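Chemist: Required output: the full structure, derived from the provided sequences and hints.
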Amino acid sequence: MNAELDTFDLIAMGLKIAVVVVMLLQVVPIMVWVERRGSALLQNRLGPNRIGPLGLFQSLVDAVKMMTKEDRATGHVNPFYYRLAPLVSLLPAFLTFAAIPFASHITMGDKTVQFQIADLNVGLLYILSVTSLSVYGIIMGSWASNNKYSMLGGLRSTAQMISYELSMGLAIIGIVMIFGSIQMGDIATAQGATLIQLGPIAIPKWGVFLQPLGFIIFLICTYAETNRLPFDLPEGESEIVAGYHLEYYSMMFGMFMMAEYINMTVASAFVTTLYFGGWQLLPGMTFLLTHSGLEGMNFEWARVALEAISFVLKVAFFMWLFVWVRWTIPRFRYDQVMHLGWKVLLPLSLLNILITGFLIYLKVL
Amino acid sequence: MDISPVGFYLFAGVAIACSLLVVFKKSPVSSAFSLILVFAAFAGIYANLAAHLVAALQVLVYAGAIMVLFIFVIMLLSADEPSFDMGRSHPLVKALVGFFCVALFVMFVWALKKSDHGQVLVGPYSVAAVAASGGNSKVVSQLMFTRYILPFELTSILLLAGIVGAIALAKRNLGKEGK
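These protein sequence lines are chains A and S, in that order. So in this note's numbering, the last one in the first sequence is 365, and the numbering has no gaps at all. So in this note's numbering, the last one in the second sequence is 179, and the numbering has no gaps at all.
Please keep in mind that the hints were generated in silico from the structure rather than gathered at the bench. Model, not experiment: these values are computed from the prediction. Any given hint could turn out to be false.
[Stated by the list, open to error] Below, a list of computed lysine-lysine pairs in the DSSO-like style, where the Cα atoms sit at most 27 Å apart:
no. : chain 1 : residue 1 : chain 2 : residue 2
1   : S       : K171      : S       : K94
2   : S       : K138      : A       : K205
3   : A       : K148      : S       : K25
4   : S       : K138      : S       : K113
5   : A       : K363      : S       : K138
6   : A       : K111      : A       : K16
7   : S       : K171      : A       : K343
8   : A       : K148      : S       : K171
9   : A       : K148      : S       : K26
10  : A       : K69       : A       : K148
11  : A       : K363      : A       : K205
12  : S       : K138      : S       : K114
[As the list claims (entries may be wrong)] Covered by chain A, per the in silico footprint, the following chain S stretches (three or more residues, Cβ under 8 Å):
no. : stretch
13  : 25 to 37
14  : 59 to 65
15  : 155 to 161
Every residue, glycine too, gets a C-beta built ideally from N, C-alpha and C.
Modeler: Printed below as a string of structure tokens:
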């Protein structure tokens, strides 16, 4: 396999990795700004507005503040695991994006470049398995902090993530059944087909139209997996102070925060790819392509650019949804979280598989 | 099947070093964290062998799910907790349990014997041969849901029995504390 790689492939691969990593890192300050301004919008106040236009540079200043703060471990922590934990929580967040396609492919001479770091045969399983590792950062941090509240936060997050991982995996099975593949590239490509033609409007074969119930279950589970409100029990400021990152400050806290926002990005990209057609063009963009004379082999760059823009816009919508939900819905109580996960979402996701199976058997889907 | 020596020695070295840490670390939680690295290194070796499905499942099941529960239990229970004493059970219950155990075992042997005939994919199992037959996940899932469906379902029954047993044990202790 390695023998097939030449310089061109290596450069393309390096560029793709660089773009994805830089984008993911840049998402964090922007999302922090969006979150603060968004919360201000929803709570009818101004939010950060002093530094830069619309307060845009606030995140920059915050980052400098965090990096220049004194970085020391308090006496009662386990220093090795205490310092390791933020890294451990950051790593899976980056790794997951490797299997997510952000545009289709472009032909350059006799080479085809896929806009995806690795189109793995087991893409979906890869993403699930790497995200299942993200819980260790939280466990490790909460345990190494040697603090009761941290420990409670860590235990809560473990219970929550295990419970919701189950429904999440079962919700995805519906998608796998319909598209017959666990390769992310295939799933994104398959969603380009037309489901129903209503006059001039073609409803695409996006996962959300085929799996509405699965989509809702999956979306709820991503909120629980990323520890975002209404599932932010591991932090629960009003109950357990700050949960698993209570003993963290300076950039070590910053890394936990980065992990949270990157996880949000990855979750949004995952939802987009599975249920909203991934890089498939947004409505109207095909019209734009055909009527601006940018069609055909010579203008593949235009198509790829629009695909990437579609993908980013879809992901941005889900990122905004994360913020929107956070400042709209109050936090669940612990027993309500467990009740929702085990007694509502799990049976519903099993029901979803059953219905999908029947519909496939009856050749409706 | 080819494996690059660099990858093998790297992952095997990590696996051995971390296994030693599992044994020699004093804190059980540190041991458990090292064990996760051992599983991750195994997954690396599988991925090097182009067995991506096994690698992904290794991480998903062992490193992702089972070890989380391990750590959960280690953190919650103190290590010197005495093992559960279930007391004596009725001889009829014992006989029934013995009967079902033997019955399940016989069924397993019978099912495996019945389903194991011939090969689906004839070797050598090169990367190209696996890819030509539809990739790892397709081949494995087809086998699992056609030829090996009976052992597969029996395994899930065994797991179900394990889950029911675990809940029964946990609930039993809760009831005693309540009184």
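Chemist: Given the hinted pair K363(A) and K138(S), is their alpha-carbon gap at most 27 Å?
Modeler: Distance ~22 Å between K363(A) and K138(S) Cα, so the pair holds.
Chemist: Take a quick look at whether K69(A) and K148(A) sit within 27 Å of each other, Cα to Cα.
Modeler: holds (25 Å)
Chemist: Next pair to validate is K148(A) with K171(S); report whether the Cα-Cα distance is within 27 Å.
Modeler: Cα-Cα ~26 Å, so holds.
Chemist: Is the hinted pair K363(A) and K205(A) satisfied, with a Cα-Cα distance of at most 27 Å?
Modeler: holds (15 Å)
Chemist: Does K25(S) sit within 27 Å of K148(A), going by the straight-line distance between their CA atoms?
Modeler: Holds. K148(A) to K25(S) sits at ~24 Å (cutoff 27 Å).
Chemist: Confirm or reject the coverage of the stretch 59 to 65 of chain S by chain A under the rule of 3 or more residues with a beta carbon closer than 8 Å to the chain's beta carbons.
Modeler: holds (count 5)
Chemist: If you draw a straight line from the CA of K138(S) to the CA of K113(S), is it 27 Å or shorter?
Modeler: Given that 27 Å is the threshold and the Cα spacing comes to 23 Å, the pair holds.
Chemist: Given the hint that K138(S) pairs with K205(A), does the C-alpha gap stay at or below 27 Å?
Modeler: Holds, at roughly 23 Å.
Chemist: Compare the distance between the alpha carbons of K171(S) and K94(S) with 27 Å, and conclude whether the hinted pair is satisfied.
Modeler: holds (20 Å)
Chemist: Does K171(S) pair with K343(A) here, judged by a C-alpha cut-off of 27 Å?
Modeler: holds (18 Å)
Chemist: Checking one constraint from the list: CA of K111(A) to CA of K16(A), max 27 Å. Satisfied?
Modeler: holds (15 Å)
Chemist: Report holds or violated for chain A covering the stretch 155 to 161 of chain S, Cβ cut-off 8 Å, minimum 3 residues.
Modeler: With 0 residues closer than 8 Å to chain A, the stretch 155 to 161 of chain S misses the three-residue bar; violated.
Violated hint: 15 only; the structure is consistent with all others.
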